[in-house]
Amino acid sequence: RKEVEQDPGPFNVPEGATVAFNCTYSNSASQSFFWYRQDCRKEPKLLMSVYSSGNEDGRFTAQLNRASQYISLLIRDSKLSDSATYLCAVPVGADGLTFGKGTHLIIQP
Amino acid sequence: EPEVTQTPSHQVTQMGQEVILRCVPISNHLYFYWYRQILGQKVEFLVSFYNNEISEKSEIFDDQFSVERPDGSNFTLKIRSTKLEDSAMYFCASSDGTSDTQYFGPGTRLTVL
Numbered sequence: 416r417k418e419v420e421q422d423p424g425p426f427n428v429p430e431g432a433t434v435a436f437n438c439t440y441s442n443s444a445s446q447s448f449f450w451y452r453q454d455c456r457k458e459p460k461l462l463m464s465v466y467s468s469g470n471e472d473g474r475f476t477a478q479l480n481r482a483s484q485y486i487s488l489l490i491r492d493s494k495l496s497d498s499a500t501y502l503c504a505v506p507v508g509a510d511g512l513t514f515g516k517g518t519h520l521i522i523q524p
Numbered sequence: 254e255p256e257v258t259q260t261p262s263h264q265v266t267q268m269g270q271e272v273i274l275r276c277v278p279i280s281n282h283l284y285f286y287w288y289r290q291i292l293g294q295k296v297e298f299l300v301s302f303y304n305n306e307i308s309e310k311s312e313i314f315d316d317q318f319s320v321e322r323p324d325g326s327n328f329t330l331k332i333r334s335t336k337l338e339d340s341a342m343y344f345c346a347s348s349d350g351t352s353d354t355q356y357f358g359p360g361t362r363l364t365v366l
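Chains A and B are the protein sequences, given in the same order.
416 is the number of the first residue of the first sequence in this note's numbering; add one for each residue after it.
254 is the number of the first residue of the second sequence in this note's numbering; add one for each residue after it.
Hints listed in this document are in silico derivations from the structure and should not be mistaken for laboratory results.
Take these hints with a grain of salt, some might be off.
Stated by the list, open to error - Below, in silico cross-link-like pairs of lysine-lysine (DSSO-like), each with a Cα-Cα straight-line distance of 27 Å or less:
#1 Lys-336(B) / Lys-494(A)
#2 Lys-516(A) / Lys-457(A)
#3 Lys-310(B) / Lys-295(B)
#4 Lys-460(A) / Lys-331(B)
#5 Lys-516(A) / Lys-336(B)
#6 Lys-310(B) / Lys-460(A)
#7 Lys-295(B) / Lys-494(A)
#8 Lys-516(A) / Lys-460(A)
#9 Lys-457(A) / Lys-494(A)
The structure presented is a predicted model; accordingly, all values stated were derived computationally and were not measured.
Could you put the whole structure together from the sequences, leaning on the hints where they help?
Have a look at this one:
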């Protein structure tokens, strides 16, 4: 049973559009959730932390749906520089993060 | 802005050799982690370390792996007798412990020939 699942994409989106993707998790006891951004062959960079119903930071909004066990990431007014792989991560166990395989986003001019 | 650093950026080794990957976590952080990412696959948790001992390890972290904090700043991952399948990016991460938020270093690309 997969613990963190994401649609791998790719999502091809025109510049300026709004895009959203989801991440489902299996551990109903999880209290914190994370979205990381990963560029090709680089480290995951923290984008947003989610501890309650959601979080917003500029063009990025993360929402948590505990009943259905998923978190979503919404990107408004997308930029070419938003092209990356977006990783969902959930703590499973005492300390370690369990990552999804990531959703690949391509913003087209 | 403080960041996690890792050395070397790329390590090439022969199968069966030992390698040590080095990390300098963010200075006021207390929790340290190693993850790996095989090319094209997801980031996988290896081990967490707190108060000079392992607090959690995954199934991947078998007897060929060990971690150490040899001084006040470095955190190392040793892989004994490397195998071809150990080829991957190895990321170090650290956390201050007030939240679950982990910050990642730039990684070491390990190539086992």
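Q) Within 27 Å, alpha carbon to alpha carbon, are Lys-336(B) and Lys-494(A)? A) Violated, because 41 Å separates the two Cα atoms, which is more than 27 Å.
Q. Is Lys-310(B) within 27 Å of Lys-295(B), Cα to Cα?
A. holds (17 Å)
Q) Are the Cα atoms of Lys-460(A) and Lys-331(B) separated by 27 Å or less? A) Measuring from Cα to Cα gives roughly 25 Å; hence the hint holds.
Q. CA of Lys-310(B) to CA of Lys-460(A), is that 27 Å or under?
A. Within the cut-off at roughly 22 Å; holds.
**Q.** Given hint Lys-494(A) paired with Lys-457(A) - CA-CA distance at most 27 Å
**A.** This hinted pair holds, its Cα atoms lying about 19 Å apart.
Q.
Tell me if the straight-line CA distance from Lys-516(A) to Lys-460(A) falls inside 27 Å.
A. Between Lys-516(A) and Lys-460(A) the Cα gap is close to 15 Å, so the pair holds against 27 Å.
(Q) With the threshold set at 27 Å, check whether the alpha-carbon distance from Lys-516(A) to Lys-457(A) stays at or below it. (A) Answer holds: Lys-516(A) to Lys-457(A) is near 15 Å, not above 27 Å.
(Q) Lys-516(A) and Lys-336(B) were given as a pair; does the straight-line alpha-carbon distance stay at or below 27 Å? (A) Holds: Lys-516(A) and Lys-336(B) sit about 24 Å apart, inside 27 Å.
**Q.** Pairwise hint evaluation, Lys-494(A) against Lys-295(B), where the allowed Cα distance is 27 Å at most
**A.** Roughly 25 Å separates the two Cα atoms, so the pair holds.
Checked against the numbered hints above, the structure breaks only hint 1 and satisfies the rest.
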